[in-house]
Amino acid sequence: MKKFILTAMLTCIFSINSFALSDGKVTPAAENTDNVKVTILGSSDLHGRFVPWEYASDKENMTGSLTQISSLVSKLRNENPNTILIDAGDAIQDNMVETFNKGPVQPMVLGMNYLNYDAWVMGNHEFNFGLDVLKNVTSQFNGAVLGGNIYNTDGSRFMDATTIIEKNGVKIGIIGITTPMIAQFENPDHIKGIEFRDTVKETKKAIADLTGKVDAIIGVMHMGLENENNIPNTGISDIAKECPELTAIIGGHMHALVKETTINGVLITEPSKYGQALSKIDLNFTKKDGKYQLDSKKTDAININNLPSDTNLEKLLEPYHNNLRENVNSPIGELKGINMVDENEIAGIPTIHMDDTPLVDFFHEVSLYYSNADVIGLGIDNDAPKLDVGPIKKKDIAFNYRYTSGEITVYEVKGSDLKKYMEWSAGYYNTLNPGDITVSFNPKRRASKYSTNDMFGGINYKIDLTQKEGNRIKDVKFKDGREIKDTDVIKLGMNSYRMEQLLAKGGIFDGLSFNKLWDSKVAIGEEAGTIRNMSIDYIMNVKKGLIESKKENNWTILGIDRTSKEYKKVVELVNNGTIKVPSTEDGKYTNIASINIKDLPKDSLIDNADTITPNIPSTPVTPTTPGDTNIINTTDTTIATSTNESSTTLKSDINKANALPKTGSILDATAIITLSLISLALGAFLLRKKHKVL
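If you count by mature numbering (1 follows the signal peptide of the UniProt record, and there is no 0), then the sequence shown holds residues -20 to -1, 1 to 674, one letter each, in order.
Hints are computed from structural coordinates only; laboratory data are not their basis. Watch out, some of these pointers could steer you wrong.
[What the hints assert, rightly or not] Keeping only pairs whose Cα atoms sit at most 27 Å apart, straight-line, the calculated DSSO-like set for lysine-lysine is:
1. LYS295 - LYS277
2. LYS454 - LYS530
3. LYS268 - LYS151
4. LYS501 - LYS471
5. LYS424 - LYS560
No experiment lies behind these values; they were computed from the predicted model shown.
Work out the full structure: start from the sequences and follow the hints.
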């Protein structure tokens, strides 16, 4: 009897340990064919990151790439062979990859074929190069090419709307939808002969076509959560509200990281940008009465940062990598004079938004030269631009001007229109409050997909941040000193993308139209007419390889005194780490609130120091509009901003075998129980021995 008790105790011990080591989950010995799990993986907005390398800076970047995604996909396929892989668009533009668009091999497509992508949904940037280029690139893809709301003008489909993929008997219907905003943003010549129809109507039509043929329907849509420019049916939310038949949606376009959110019962996920994350949808089915029924569903977005790169795929892509590196390192000239951008005076407050810089002056000079415009408006989508005295290479231009397809289009506007545009741009800044020592940026504008702070060349002006939005632009004059009047007719050069944004519903020019006078891509060429290539040509052929750098100081910010002792104290305290510039929780968006005199320590050398009380916020401010690092992981669309969660989740998944148990976990409790039972068993054994001796 005692032997039986001891055996039972030991059996209990090993059972508890086995339960603990399996995280409380019982693993079946073999998969039940009546229960099938299907995993759908989705990438989006890869923008030419076929290997972990940024060609504009000519540096390795392990935050995301197709080769790193390949390593993760291989792991996930080993875990579940019933895996589907899809891309939601914007693959063939940016990071210099468009270099190969007219050739026989586009490395992004070569990489997707290596990974056996099942489907590719078109993004807006797939249309940047015209339909001939698009057809050349998509013809290289082995999977299904989808664009369900894109039609030829004769009424026939330009691309398929759906595809059906079967895994272990379960049929998954995929619907591909592309943002209809292409019709507003894209050069009309690039989309001549096609049209973009309403996304909700086309999704409903596709659902009707799939109903009865599949066990679940997944939408893959190159659209963000919310409507773009306040235009109905340009966001996933509107589609989910009208189409509850959808099981889940993989989104894109807005470069947001959406782990999981639910709208009208439809799960939604979006995998950020540049291969930095991979969306994952898990669907569990049970076979009943000969048909598969969906039992459960969940989504996630897995962080790619610092994952190993697939070396076999790297070798396949190496010729294209070497080609781009050689190209971007080509010398084009020399810079003399001064560095084009000063170091940040205050850590976290970019110089590019605080002062006129020779760098912006240079891009204005180039644009004015080729366009013959009166005024140029351009933004620099880079908080850390850099071009120092010395040799200039092609990569320096690409690094400092990030908009790959950016061109100059000249519009005929009135002086009042120009000032309205300038006021809109000045809305990038927060209004100064009493006691504010530093300039800060509007968190909504700061978190926009692209920079919305345009700077203006060909004129002189001031921005008064003591005034509310709409009344900040002062002393607008031509270079010769003439005041710009509201009735003046002006040739305004800018990106057509920006103009279309301002003309769209809800934009400052909503309901207006402007005569287009000139387009650099039409006049000079589709590729030669980009700001990047015009800048290279200007240095090499107009300036004969020599650029003299100097500050024009054609615009200034009013409202703060950068010579005051308070300002100098802030410079000292921020740069030595005593205080910090207010930023979003993830640190991505800095300087979203001003440092006020009340925020300085009491012992600072400030007048009336005895009245000063610290007022640094205990929690960072969070932007309220989708941005590059927005993370959504809720069932009620609550937004949080932290990249740490996804990073931690991935590491714990991959390195689970090496992880230490957390205090208070089931493993700790098991250890205590195990030791107790061993002690009981040993006690019983010794007691028995003692009785025998007696």
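- Message: Of all the hints numbered above, which does this structure not satisfy? Sort the numbers upward.
- Response: 1
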